[in-house]
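Those protein sequence lines, which keep their order, are chains F and C. Numbering-wise, the numbering used here puts 58 at position 58 of the first sequence, and it's gapless, one number per residue. Numbering-wise, the numbering used here puts 323 at position 86 of the second sequence, and it's gapless, one number per residue.
Since the hints were derived computationally from the structure, they do not count as laboratory data. Ideal placement from N, C-alpha and C gives every residue a C-beta, glycine not left out. Hints are not guaranteed to be accurate.
[Claimed, not checked] Below, simulated EDC-like cross-link-like pairs (lysine to aspartate or glutamate); rule was C-alpha separation at most 20 Å, straight line:
1) F:K176 <-> F:D187
2) C:K320 <-> F:D187
3) C:K313 <-> F:D124
4) C:K399 <-> C:D362
5) C:K313 <-> F:D187
6) C:K285 <-> C:D362
7) F:K182 <-> F:D74
8) F:K182 <-> C:D346
[To be verified] Which stretches of chain C does chain F cover? Using the computed rule of at least three CB atoms under 8 Å from a CB of chain F, they are:
9) 258–267
10) 306–318
11) 357–370
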Amino acid sequence: MLVPFFGLTQEKKKDSITPKIERYGIRFGADISKLARSFYDKNYKGLELVGDYRLTKRHYIAVELGNENKTTEDDYVNFTTKGTYFKAGFDYNSYDNWLDMRNMIFIGMRYGASSFSQTLNSYDIYNTTHYFNENSTVVLGEKYNGLSAQWIEVAFGMKAEVIHNIYVGFSVRFNKLMSNKKPDNFDNLYIPGFNRTYNGNFGVGFNYSVSYFLPLYKKSFKPVKKEEAVKKDKKTN
Amino acid sequence: MKKIFYCLLLLASFSSCEKDDICDAATATTPRIIIEFYSTDATPVLKKVTNLKVTGDGMTDYFLFNDVSKIELPLKTTSDVTKFSLIMNSTDTATQNEDFIEFNYTRNDVFVSRACGFKTLFYLDATTPYSLTDSGLNDGIWIQNSTVITSNIETENETHIKIYY
């Protein structure tokens, strides 16, 4: 006897398998890690809204919209980045849910764009000799407006339905800059949505989200037993 | 499920890679002024200094250069003027001779990187790049001639001033 679709033991009856119902709709929520950070980190204020829409059984359209105000205090530079970002793309659910669970383990891609400003609050002059014992910190406060950047992200993550229609998600992002409009005599050391930049145009990010699922319609399908599928093939051939 | 979770955890650990946090010693930062010493012959040749003691104005610490024909001196990044005392043969009270050199310049701060911050570049004044004065000790002026080779002090790869004695 051929193994049935779900691996459950079945009697040889055509109608013994219950049809699986897949719910389609919109999921929207927010990144709670950025929200929490806005409270405990005095140098950070940010908000990210997330959303996705189910296209097919495994494919989702996903978007993120965010705003960040972050002050970075490095050894030699102190700057504030302010801006908005938008990311759009697809998620592919590679997880086969058991019974009627609706969890996801996904891989996805995004195209991201951000519009922002950098304010160089102060900087230090690097000197290999410290002969004159100078206080080499220069307070500047210069604002560079009209900056922008675009990038591609690959996302890996999971979403689990914790209570009815409420999902908790986590994803890790690997980003690559495609375009970067830098300020004159400074750099984009942080880009909203892309996060900290490194030498070589790569970056990483995390996303912890809580979302609500709004169901729109249902699709049901009968999973076909392998035996029946083979018979169908023989008939058509 | 477990396998994928551990995969994600491993990938997430990459975020702590910070290769650009250290200012590499080879990176060009704030340059020092490079001075080369020459003889006063018709065709001048490089001339090594003997126990040349260089002290910044108002400073107690000093630089001691011996048996070299090229020296590097730091310029102030918080002022447009830097003055040094140059004492030739500083170890011999009989032959030692002190002269003063004062550099006049404008400054420009240029961004280097996240790890190195900014560097200051110096541009010697066109009319009075420096002024040489004798000490008030009646020892004469040992620096007989000098020229500016380049007034843009941007790297340490070239000589900026030539001094003849």
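Hints and how they fare:
no., hint, result
1, F:K176 <-> F:D187, "holds (17 Å)"
2, C:K320 <-> F:D187, "violated (35 Å)"
3, C:K313 <-> F:D124, "holds (14 Å)"
4, C:K399 <-> C:D362, "holds (16 Å)"
5, C:K313 <-> F:D187, "violated (26 Å)"
6, C:K285 <-> C:D362, "violated (28 Å)"
7, F:K182 <-> F:D74, "holds (19 Å)"
8, F:K182 <-> C:D346, "holds (17 Å)"
9, 258–267, "holds (count 3)"
10, 306–318, "holds (count 4)"
11, 357–370, "violated (count 1)"
Of the numbered hints stated above, those contradicted by the structure are hints 2, 5, 6, 11, listed in ascending order.
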